[in-house]
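Colleague: Each chain is listed here by its residues.
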Amino acid sequence: MKYTLFLVAGMLIMSACNRDLDLKPFDKLSPENAFNTEKDLQLYANSLYLDLPDGSDIVRGDALSDYLVGRTLSNYIYGTFGPTEATGWSWSALRKINYFLEHAGNAKITDEAKEHYTGLARFFRAWFYFNKVKQFGDVPWYDKSLAADDPDLYKGRDPRTLVMDNVLADLDYACSHIRNTKDNGASQITRWVALAFKSRVCLFEGTIRKYHPKLNLTGTSNDWLDKAADAANQVIEGKQYKLLTAGATDQNYRNLFINETPNSTEVLLAAVNNKSLRVFNDANWYWTSATYGGRYSFIKTFINTYLNTDGTPFTAQAGFDNIPFAQEVKNRDLRLKQSIRMGNYTRDGAMAPPDFTYTYTGYMPIKLAVDAKATDGVAENFNSLPLIRYAEVLLNYAEAKAERGNFTAEDWNLTIAALRQRAGITGTSLPVTADPYLQQNYFPGINDPVLLEIRRERGIELALEGFRYDDLKRWHLGNLLTMPYDGMYVPALNTLMDLNEDGKMDVCFVEKIPATKVPGVYYFLIDNTQFKLSNGASGKLQLFGNLPRKYEDYKYFYPIPYNEIILNGNLVQNPGWTN
Amino acid sequence: MKLRASYGTLGNGNISPYQFLETMSVTQMGRILNGIRPDYTQQPNVIPNGLTWEKATTLNIGTDLALLNNRLTLTADWYTRKTKNMFTDGLPLPGVFGATEPKGNYADLETKGWEVSIGWRNKTNGSKPFSYDVRLVLSDNKSVITRFNNPLGLINTYYEGMQIGDIWGFVNDGYFKDQHEIDTRGIDQSFIRVSAANKILPGDIKFKDLNNDKKINEGAGSLSDPGDKTVIGNSSPRYMYGFNGNMDWNNIFVSFFFQGIGKRDFWPGADNSLFWGAYNRPYSWQPVDVMNNIWSEENPDAYFPRMRGYTALNSRAELQVTQSKYLQNAAYLRLKNITLGYNLPASLVNKAGMANARIYVTGQNLWTWSPMYKYVKTMDPEVIEGSDPELNDGAGNGMSYPMLKTYTIGINVTFK
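Those sequence lines, one after another, are chains A and B. So in the working numbering the end of the first sequence lands on 579, straight run, no missing numbers. So in the working numbering the end of the second sequence lands on 416, straight run, no missing numbers.
Everything labelled a hint here was simulated from the structure, so no lab data went into it. Note that this is a predicted model, so its numbers are computed, not measured. Quick reminder that beta carbons are idealized off the backbone N, C-alpha and C, glycines included. It is possible that some hints are incorrect.
Claimed, not checked - Covered stretches of chain B, going by a simulated chain A footprint (3 or more residues, C-beta under 8 angstroms): (1) 13-27; (2) 30-41; (3) 88-96; (4) 186-200; (5) 203-211.
Said to hold, decoys possible - Derived DEER-like restraints, expressed as beta-carbon distance ranges: (6) A:344 - B:270: 46 to 54 angstroms; (7) B:406 - A:515: 50 to 58 angstroms; (8) B:80 - A:85: 53 to 61 angstroms; (9) B:29 - A:82: 52 to 60 angstroms; (10) B:29 - A:176: 24 to 32 angstroms; (11) A:330 - B:199: 41 to 49 angstroms; (12) A:538 - B:316: 39 to 47 angstroms; (13) A:85 - B:50: 34 to 42 angstroms; (14) A:479 - B:270: 32 to 40 angstroms.
What the hints assert, rightly or not - In silico DSS-like cross-links for lysine-lysine, where the CA-CA straight-line distance does not exceed 30 angstroms: (15) B:199 - A:550; (16) A:555 - A:473; (17) A:24 - B:55; (18) A:555 - B:214; (19) A:555 - B:199.
Taking the hints into account, I'd like the entire structure generated from these sequences.
Modeller: In structure tokens, the structure reads:
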């Protein structure tokens, strides 16, 4: 009895010891209890979404593009830029994904659920690597979370083919295992999202291999283009999405960008913003403030590509560069009035012509910002912005097929004609002659009239949504970033101009600011250094001609940050970049 | 006279808990998923492979001395402390690691220091004695890294032989005088930028080409190839001293306390508008000392170079790179406290029913001197780094709430 007592007492003391000395924090999870149920996997998988762009990222997506000019020029094309300034060599998102893939298998759930979450993680890994490859070209491939002493930390880059084949394998797995339900909130990754993204990735890869012979991969281009068309076609055939055509012809397009709830008729995936949950973007501040925003405006060369309402090119008429703003914007593709301030555009009930305290060219974007002025000076916009929408899928499909040479009249009606009809264009028959304006200004060497129109359409439909620089890269047209910056036509100096025909004068171009000003008129100083007119005293605005821009061929691949080259001697810098 | 010596080893308990566990915190997302902002968790911190105690072994030799009838006292100590297996950041790993490098027992550190304290007290004889005492305290220490796994010899982390606080930087070589000098100098300084277009003009800073490769840059950022950088100073405070005294005569008493640092280098650094003024952000404060000391053709020897906005802020800009000329000598001497008072005579006090009563005036931080004041007087050398975490967290160096000057007048009464 005595001994039993001692024994019991001893056991109590010892177990108490164990518990006291081996405590785990109550407010945190550990890997043993974070991957057991489907709820656990969902909790972790939520974190993967943090690596998608948010609303404010989307707003800035086209800051480096050929069709915008702003307050400052990117140092990538003007001034000094080198490996020491380089950023983007961040890999924590990949560790997060690989760690999940290593642990999700332990969960005690159905295979179907396991595959769904594995597919989700592999989708995000494809997203991650696609961005890395777009930016740097060859990158090292890792499908495990690395230990601090893993020799693979110090390996060199893997070839593009290996990485992109793995990306494709991830996407194929995602497309066949992520649950096949449509998300009407457009916030989650579904099979449809994965397919649409696959068409984006494959089109990029197919065209970059075709137009960059230096990669030595031209022979594999068709394969990727076929895959792009096939993935897009699956989304089209799935009939879960269609172009938003329910409302007024002059509002349908912009309604995709300015509403709090993403319109899941057309939008597959969006950066969702919401007023009551206080998740915001800064679109209005960015697109209206002269100091916070970049003061980005479209250049005239690009605005000229918007067709007339009857489907004929605006640039087919003589003297298209000598038409005053108020006249030239009339009878154009209805996406123009949904993309820039013009005509009877109003804000809070008042007419709102282009504001020259913001714009340099006259073509002031409104596409992603809302008309109410309340958020002009604060990051509290709650309009949701699309990341993937059906129009892009149609454009991917059209371009992949046209590049492949098997584009049909039926395809035309399904894609480009449908987009144009939504934009109020009446003449939408298959083009038979190549547009010389596009060939001269944008796509020399492209003679296929259909392909030219597809590229025109992509530029206009997806303007400001963050596609442009990637498109220029894959088309081998980075040099377009150095095209002259031009603005609206100025008939004469020292003449008041009314840009929206509301009877109030808006702007006056002068070589010297007059002592007495007309109230409400902005006096734009033509200093003949930064700002010129093409004929001296009249003509198109010409901007920043004094600042020479350069886009050499090596800039298609961004430099690896200098520090990383030092840390890992096996990592070789992209050719052309020196410190 | 007394001699002392001690030797011992201690562990360091001042390390945050759960460093040995993989933990995953749960947080609410900033992104909307399916109509809500759900919680999420993600991969745990990478934990070190095996941890052990950080051990500090200290050898201390000292003496206490009292001479001249206890009027002169002296205490002196000399110590050396070897910290083994210091718990600290690991060697920087390539970015593909994708996580913060695990901490571990990676370094050894050796600190050598000494402390001296000398006091003198005395009292005159007579009916109204004058008594006084003064004390000077002086101390110093210096720490050197004796072990750290850094095979590349990178200078942005610990390396063997590094003295804690060392500041690496470029060395200034005056200003470009004129266009002719810019055209003919033959040293490519484009690594350090003066503006977006990076066109050097007269009044911009010249840097010394220490390794004679006709290029100013950071090399490989390592000990074997530091480019044109060298150790230009040390940010550790050295020769900390204090001097206090008390005097008492005929119920009148005075006490004072001076305090300061004998040597310390300070790089004004990031977003320090109080030091750089318009060089930091052109719309920011314009300290008078800066405005009166800007290079111009009429004032070619000014302390600050040609006026250019953002050059003290943007990465790799002319004043943003650490450099010898603008390294500040942040030594200082400060009158922390002075008190003057009077004890009312006991006879008077007792009549009023009090045990004792005194009136006094005290001032704190009344006077400060620092070599740094030659260029700017906007910063307090005692609280020179960072910014106040409560008021303006992360607002940049020099933005701490300064020490206040205070005056106190007091009456102190004790009743029977």
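Colleague: Now tell me if each hint is right for this structure.
Modeller: Structure-based check of each hint:
For the stretch 13-27 of chain B, the assignment as covered by chain A holds, since 8 residues bring a beta-carbon within under 8 angstroms of that chain's beta-carbons and 3 suffice. Beta-carbon proximity to chain A at under 8 angstroms applies to 12 residues in the stretch 30-41 of chain B; the threshold of 3 is reached and the given coverage holds. For the stretch 88-96 of chain B, the assignment as covered by chain A holds, since 6 residues bring a beta-carbon within under 8 angstroms of that chain's beta-carbons and 3 suffice. Counting residues of the stretch 186-200 of chain B whose beta-carbon sits less than 8 angstroms from any beta-carbon of chain A gives 6, enough to reach three: the coverage restraint holds.
Counting residues of the stretch 203-211 of chain B whose CB lies closer than 8 angstroms to any CB of chain A gives 0, so the stated coverage by that chain is violated, three being the minimum. Between residue 344 of chain A and residue 270 of chain B the beta carbon distance is about 49 angstroms. The supplied range of 46 to 54 angstroms therefore holds. About 55 angstroms separates the C-beta atoms of residue 406 of chain B and residue 515 of chain A, a value consistent with the hinted range of 50 to 58 angstroms. Evaluation of the 53 to 61 angstroms hint for residue 80 of chain B and residue 85 of chain A yields a failure: the beta carbon distance comes to about 45 angstroms.
Between residue 29 of chain B and residue 82 of chain A the beta carbons are some 36 angstroms apart, a value that contradicts the proposed interval 52 to 60 angstroms. Between residue 29 of chain B and residue 176 of chain A the beta carbons are some 28 angstroms apart, a value that agrees with the proposed interval 24 to 32 angstroms. Between residue 330 of chain A and residue 199 of chain B the C-beta distance comes to about 45 angstroms, which sits within the given range of 41 to 49 angstroms. Evaluation of the 39 to 47 angstroms hint for residue 538 of chain A and residue 316 of chain B yields a pass: the beta carbon distance comes to about 43 angstroms.
Taken as a hint, the range 34 to 42 angstroms holds for the pair residue 85 of chain A and residue 50 of chain B, whose Cβ atoms sit roughly 39 angstroms apart. The beta-carbon spacing between residue 479 of chain A and residue 270 of chain B, approximately 37 angstroms, falls within the hinted interval of 32 to 40 angstroms. Taken as a hint, the residue 199 of chain B and residue 550 of chain A pair is honoured in the structure, with Cα atoms around 17 angstroms apart against an allowance of 30 angstroms. Straight-line distance between C-alpha atoms of residue 555 of chain A and residue 473 of chain A comes to about 9 angstroms, which keeps the hinted pair within the 30 angstroms bound.
A distance of roughly 25 angstroms separates the Cα atoms of residue 24 of chain A and residue 55 of chain B; the hinted pair therefore holds under the 30 angstroms criterion. A hinted pair counts as satisfied when its Cα atoms are at most 30 angstroms apart, and residue 555 of chain A with residue 214 of chain B qualifies at roughly 26 angstroms. Note on residue 555 of chain A and residue 199 of chain B: the hinted pairing holds, with a Cα-Cα distance of about 22 angstroms set against a maximum of 30 angstroms.
Comparing the model with each earlier hint shows violations of hints 5, 8 and 9; every other hint is respected.
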